[in-house]
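*Asks:* Here's the letter readout for the chains.
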Amino acid sequence: MKRSVVSWLIMVLGIAGILAYVGPTFLKVTPPPSKGTGEVLIGGAFTLVDANGNTVTEQDYRGKYTLVFFGFTHCPDICPTALLVVRNALDHLGKDAKKIVPIFITIDPERDTPDVIGRYVKNFGDRVVGLTGTPEQIKKAADAYKVFYAKVEDKESGLGYVMDHSGFLYLMGPNGKYLAHYPHSIGEKALTESLQSHIE
Amino acid sequence: MTRALAILCVLSVFFVAAFGEKAFSAETHTALMAHDAWAPPSLDGANVGVAFTMLMNHSDVPIEITALSSPVAKTVELHDHVSEGGKVKMRRVEKIVIPAQGTLNMKPGGLHLMLIGLTQPLKDDSTITIDITAKGSAVQKVSFTVSQARLIEALKSRSNSAHEH
Numbered sequence: 027m028k029r030s031v032v033s034w035l036i037m038v039l040g041i042a043g044i045l046a047y048v049g050p051t052f053l054k055v056t057p058p059p060s061k062g063t064g065e066v067l068i069g070g071a072f073t074l075v076d077a078n079g080n081t082v083t084e085q086d087y088r089g090k091y092t093l094v095f096f097g098f099t100h101c102p103d104i105c106p107t108a109l110l111v112v113r114n115a116l117d118h119l120g121k122d123a124k125k126i127v128p129i130f131i132t133i134d135p136e137r138d139t140p141d142v143i144g145r146y147v148k149n150f151g152d153r154v155v156g157l158t159g160t161p162e163q164i165k166k167a168a169d170a171y172k173v174f175y176a177k178v179e180d181k182e183s184g185l186g187y188v189m190d191h192s193g194f195l196y197l198m199g200p201n202g203k204y205l206a207h208y209p210h211s212i213g214e215k216a217l218t219e220s221l222q223s224h225i226e
Numbered sequence: 004m005t006r007a008l009a010i011l012c013v014l015s016v017f018f019v020a021a022f023g024e025k026a027f028s029a030e031t032h033t034a035l036m037a038h039d040a041w042a043p044p045s046l047d048g049a050n051v052g053v054a055f056t057m058l059m060n061h062s063d064v065p066i067e068i069t070a071l072s073s074p075v076a077k078t079v080e081l082h083d084h085v086s087e088g089g090k091v092k093m094r095r096v097e098k099i100v101i102p103a104q105g106t107l108n109m110k111p112g113g114l115h116l117m118l119i120g121l122t123q124p125l126k127d128d129s130t131i132t133i134d135i136t137a138k139g140s141a142v143q144k145v146s147f148t149v150s151q152a153r154l155i156e157a158l159k160s161r162s163n164s165a166h167e168h
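Chains as they are written, first to last, in this note's numbering: chain A, 27 to 226; chain B, 4 to 168.
Here are a few chain A residues that sit away from chain B, every Cβ distance over 10 Å (derived from the structure): (1) V66; (2) G69; (3) D76; (4) V82; (5) T83; (6) E84; (7) D86; (8) R88; (9) V127; (10) T160; (11) K165; (12) A168; (13) I225; (14) E226.
Straight-line distance between alpha carbons at most 30 Å, and here's what the computed DSSO-like set of lysine-lysine pairs gives: (15) B:K90 to A:K90; (16) A:K125 to B:K90; (17) A:K148 to B:K159; (18) A:K215 to B:K92; (19) A:K166 to A:K90; (20) A:K215 to A:K172; (21) A:K181 to B:K90.
Derived from the structure by calculation, the hints contain no laboratory data.
Heads up, the beta-carbon is just placed ideally off N, CA and C, and yes, glycines get one too.
Isolated chain A, as found in the complex (with noise of 0.2 Å):
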């Protein structure tokens, strides 16, 4: 008996252990091309309300940098981190941050409204924009910039829903083009160093 259970016990950790070696491949998701490979189509034309009610288009941050990058308020410490990592690296960057606007969008409009992400990139000084919309706005945001999302139910969880999402940051020129983009997880001294090597 003893020895089926152990047999058992292995053939369980071998199973998992192939579950574990292909899940992630199906799961892999491909991070858009980077410089170099012709024309990135990344970023594009976009409808949003800010944290005042306003419409605004990307138009309005034509002849400024961009950091675009999609988040939510309810997100743990992903996007607080990122946020974080954001405003150090533009405090790092001294006369050269008022060229660059941090937008964050949000993708979680239900509970993101104006008001609610206005107050939120307060936490993370004067620069950051945060834009919210209608749920046909922001996914036309999203798809413009390539970003995954994905509300997922839970209807156990005191939250109700789980929002799932690609974690990149994009760097748009003057122009509204693409120029780079960084993990979620970067760190404030390699963002500061791209985005130094990257604006005029």
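Position chain B relative to chain A; hints supplied.
*Replies:* Positioned in the frame of chain A, the structure of chain B alone reads:
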């Protein structure tokens, strides 16, 4: 093959159930210890908070956490982050078990306690309590220090490469 797999799954569940029953009936109240319990200050506009600690099981049997609660939130849950190829997923951990002589380590970007529906903001330099109940033992009140400095320290360990995916 599918049938064999199904049988295997069922049997493994029975095995865990049988083994688990015996293990969890043991006295566990002194065996579970929380270390380095802290929380970043909550953010204006967000009615959720997050807290981290390392739970250590000093006993020779697994410990299951059956309840989490706090006076500062409507609900407390353990959540995990799964990050793959730039995609971030957050999931509630349904069954929390700390292996015998093992640890459950929470940290930014990984396992974390979600404080849902904050009844008060988490202010820097204050202390909050989270009640942790292990199966078959009394409620343990764990003090968490709310600390912005601790968050900044945790951020320093982040990668400084611009191109890791």
